[in-house]
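K.L.:
Spelled out, the chains give:
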Amino acid sequence: MKVIEARDLTFTYAGSSKPAIENVNLAVDRGEFVLLTGPSGCGKTTLARCLNALIPSFYQGEISGTMSVLGRDMSRLTTSELARKVGFVFQNPENQLFSLSVERDVAFGPENLGLPREETRRRVDWAMKITGISELREAAPYELSGGQQQRAAIAAVLAMKPEIMVLDEPTSFLDPLSASQIVEAVAALRREIDITIVLIEHRLDLASKYASRIIVMDQGRVTLEGPPSKVYGEEAKLLGIGIPKISMLFNLLRKDGFDLGRTPVTVEEASQRIRSYLEHD
Amino acid sequence: MNMIEVKDLHFAYEDKEVLRDIDLTISDGEFVAIMGENGAGKTTLVKHFNGLLKPARGEVLIDGISTRKSTVAHLSRNVGLVFQNPDHQLFSETVFEEVAFSMRNLGYPEETIRKRVKFILETLDLGAYAEASPFMLSGGERKRVALASVLVSDPKHIILDEPTIGQDYQQKDRLRNFIIQMNSQGRTVVIVTHDIEFVVDCKPRVILVSKGSILADNSYDSILSDRELVEKASLVSPQIAALMSSLTNLNFSPKILDLYHAKSALEQRFGEIVHKAV
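Residue numbers (the numbering used here), protein chains in the order written: chain A, 1 to 281; chain B, 1 to 278.
A portion of the hints provided could be inaccurate.
[Unchecked claim] Facing chain A, according to a computed beta carbon distance under 7 Å, are these residues of chain B, among others:
1. Asn38
2. Gly39
3. Asp168
4. Gln170
5. Leu215
6. Leu235
7. Leu243
8. Leu259
9. Ala262
10. Lys263
Derived from the structure by calculation, the hints contain no laboratory data.
Note that the structure is a prediction, hence the values are computed from the model and not measured.
Think of the CB as a built atom: it goes at the ideal place given N, C-alpha and C, for glycine as much as any other residue.
Please model the complete structure; the sequences and the hints are all you need to start from.
P.N.:
Here it is in structure tokens:
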């Protein structure tokens, strides 16, 4: 089942003469992990704003084409209706946490939905467990490390039991170890619950191995999409996208006449491929 | 001449110790990256480099003068510090005014200011936004405005806290070229960063900070190819280093971090095999 579907979607912000996104066609299946990337100003954030109906209900502008989220047309959806179905996690978790304890922050969403106390408690426990912050229940958000704060922000979104989770550069402020742990935790969610992930990222080395699909945007359009190894192999069309260095390495080798097969996405895969190339010849 | 000399620096926020036993020297014209886990004390350390913070114990000398005997206003003429979060320093109505502010304060003639601001905006790909409000820009663009507003007055020493956050591949490349250009003109550059691949591309001296003290201080390749150190500092190995160290039993050096270096090492080996087969 398609959870996100856009047809010829074009949006121009009020006061701007150039569309921020133009003729975007997109279909995302339930349970996919989509990595959305492209240079600054390519339209990624605008597209994300369509996913929770901030466009067109909050940002004014001219819109054409159609977009549906979870089977309903966006023109008939409001941000508040979508809030419980589409969860957003942003770059800086500080902006998302405001309570005096992690538990209060995670409980905020379910309480706002008017859920019974027992159900709220269950969801809070579950969301904190799944993000690995159960022991931080009583801590104040400002006492946490950046990685813990981002986990708390993700837990707060998960407690709403969203069907789609959109993460906009969620690891920018984190050290590399915390960053890879967060992405791993997000990827693990797909094994636990039926959720669709849309991750917006510049740093592709981090998330490529979990992504079922990469969508590359440039100047408001989708310029390339497919599984990571296919996308990273299309060097010529990737101007300005920082693909992982191991993928780049294989593309360079291929250009010099050493074709080691499919462009690798993980270090393990690359290592394997080099070994078998050396053994076969 | 030493740009920075830190002797037995200790610092605490209230009763929480953030830095201890820090000893380090950075010479004029060096290029240094400070790396380490979230909360390691990196930002607190660099705030001592322009006198924003003064040591609780020990001493910090900038260009030979103790920060205790100097003011931030005086130090900031020579030391430009760009904060991690641009919103902590932006306040003007237009990008142009924001960037011109420090030069106005220093009393430069209007014509010089205009030329210099224009140059710096174009260098950082902000030329089109001169008349825009900084707050209408994207996070990555605001970050570059903050950079421009410090770099415009051409400080002798430049300290950048997480300059690559929110920057795409092309902007990072531009930033790297600019940093290297400034460094090659003799300016000292200190960056605080988590961006391992950026460090691999820039090739600076690396100071690893962990839990408030210095864990290691060496060239980027000795540090980033040392798995144990990398793990201790909550970093991850650069991709090429990880690949090469997985191939050590085929006699590839785990010290190779650079993409093109790896490419030629592999091609040489592939070539030998073809040769043997023939």
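K.L.:
If you take the shortest Cβ to Cβ gap from B:Leu243 to chain A, is it below 7 Å?
P.N.:
Result: holds, 5 Å to nearest chain A Cβ.
K.L.:
For the restraint on B:Gln170, tell me whether the closest CB of chain A is nearer than 7 Å.
P.N.:
5 Å, holds
K.L.:
Against chain A, is B:Lys263 within 7 Å by beta-carbon distance?
P.N.:
5 Å, holds
K.L.:
Less than 7 Å between beta-carbons is the criterion; does B:Ala262 satisfy it with respect to chain A?
P.N.:
6 Å, holds
K.L.:
Under the criterion of a CB-CB separation shorter than 7 Å, is B:Leu259 in contact with chain A as hinted?
P.N.:
5 Å, holds
K.L.:
B:Asn38 was flagged as interface toward chain A. Is the shortest Cβ-Cβ separation under 7 Å?
P.N.:
4 Å, holds
K.L.:
Under 7 Å is the threshold here; is the Cβ of B:Leu235 close enough to any Cβ of chain A for the hint to stand?
P.N.:
Given a least distance of 5 Å, the restraint on B:Leu235 holds.
K.L.:
So, B:Leu215 near chain A? Judge it on the closest CB pair being under 7 Å.
P.N.:
13 Å, violated
K.L.:
Against chain A, is B:Gly39 within 7 Å by beta-carbon distance?
P.N.:
5 Å, holds
K.L.:
Holds or violated: the hint that B:Asp168 contacts chain A, with Cβ atoms closer than 7 Å.
P.N.:
4 Å, holds
The structure shown violates just one earlier hint, number 5.
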